[in-house]
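> Sequence:
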Amino acid sequence: EESRPAKKNGKKERAAMNEEYNTVKILSPKGGRGYDIMFKRDVTAYPIEALLLRNDDPVDLTGCRVEFSMRHLTTGRFTLRREAAIQDAAAGEVRFDWQPGDTDVAGSYRAEFKVTYPDGRRATFPNAGYIKIFLMKDIE
Numbered sequence: 001e002e003s004r005p006a007k008k009n010g011k012k013e014r015a016a017m018n019e020e021y022n023t024v025k026i027l028s029p030k031g032g033r034g035y036d037i038m039f040k041r042d043v044t045a046y047p048i049e050a051l052l053l054r055n056d057d058p059v060d061l062t063g064c065r066v067e068f069s070m071r072h073l074t075t076g077r078f079t080l081r082r083e084a085a086i087q088d089a090a091a092g093e094v095r096f097d098w099q100p101g102d103t104d105v106a107g108s109y110r111a112e113f114k115v116t117y118p119d120g121r122r123a124t125f126p127n128a129g130y131i132k133i134f135l136m137k138d139i140e
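According to the working numbering, the sequence shown is numbered sequentially starting from 1.
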C-alpha cells in the first residue's frame, strides 16, 4: 500500500488541537495587488481600522493595551511603534491613526498589532506572517 505524506492541518484542525492562531481583519483602508492596505505616501487621512481575531473569534480587549508596529521591508528599519486605540473591546476592534511623518517614505512595509493583557501576557496579531502595507509614490 502506498503511503501519502501527511496533510498540513488547516485553521480549524489547529484550533481543535489547541493551537491558537491570531489574525487581523482589516476593515479600512482597503488594499490591493497582494497588500492588505494600500494608499499613497504622505497621506494620513485613512486610519487603520481592524478586528483582532483568535481562531476566527473576536479577542476581548477589555483592560488591554494595543500597540501598532511597522517596519520598512527593504531597509528593515522600524518606522513606527505606537499605541493603537481600542474602539470596541468586546468585538476586538482597534484603530490606528497616522500622524505626520508616519507615511513619508513610499514602499512596502510589514506591520502587526501587539496586545498586552491585564495580567502582563502578550500576543501578536497576526502571529504568522504580517499585515502587508504598500505606500505608493505620488506624482510630485
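Hints are computed from structural coordinates only; laboratory data are not their basis. It is possible that some hints are incorrect.
Stated by the list, open to error - Straight-line Cα separation of at most 25 Å, PhoX-like style, residue types lysine-lysine; simulated pairs:
#1 K40 with K132
#2 K40 with K30
#3 K114 with K137
#4 K25 with K132
#5 K137 with K40
#6 K114 with K30
#7 K137 with K30
#8 K114 with K25
#9 K40 with K25
#10 K132 with K30
To be verified - Each pair of labels, with its calculated beta carbon distance range:
#11 E140 with Q99: 32 to 42 Å
#12 D88 with E140: 19 to 29 Å
#13 S28 with R110: 35 to 45 Å
For each residue, glycine too, the CB sits at the ideal point set by N, CA and C.
> Next step is simple, just say for each hint if it's right about the structure.
Status of each hint after checking the structure:
no. : hint                      : verdict
1   : K40 with K132             : holds (14 Å)
2   : K40 with K30              : holds (12 Å)
3   : K114 with K137            : violated (28 Å)
4   : K25 with K132             : holds (12 Å)
5   : K137 with K40             : holds (6 Å)
6   : K114 with K30             : holds (21 Å)
7   : K137 with K30             : holds (17 Å)
8   : K114 with K25             : holds (15 Å)
9   : K40 with K25              : holds (21 Å)
10  : K132 with K30             : holds (11 Å)
11  : E140 with Q99: 32 to 42 Å : violated (20 Å)
12  : D88 with E140: 19 to 29 Å : violated (38 Å)
13  : S28 with R110: 35 to 45 Å : violated (19 Å)
When the structure is compared with the earlier hints, violations turn up for hints 3, 11, 12 and 13 and for no others.
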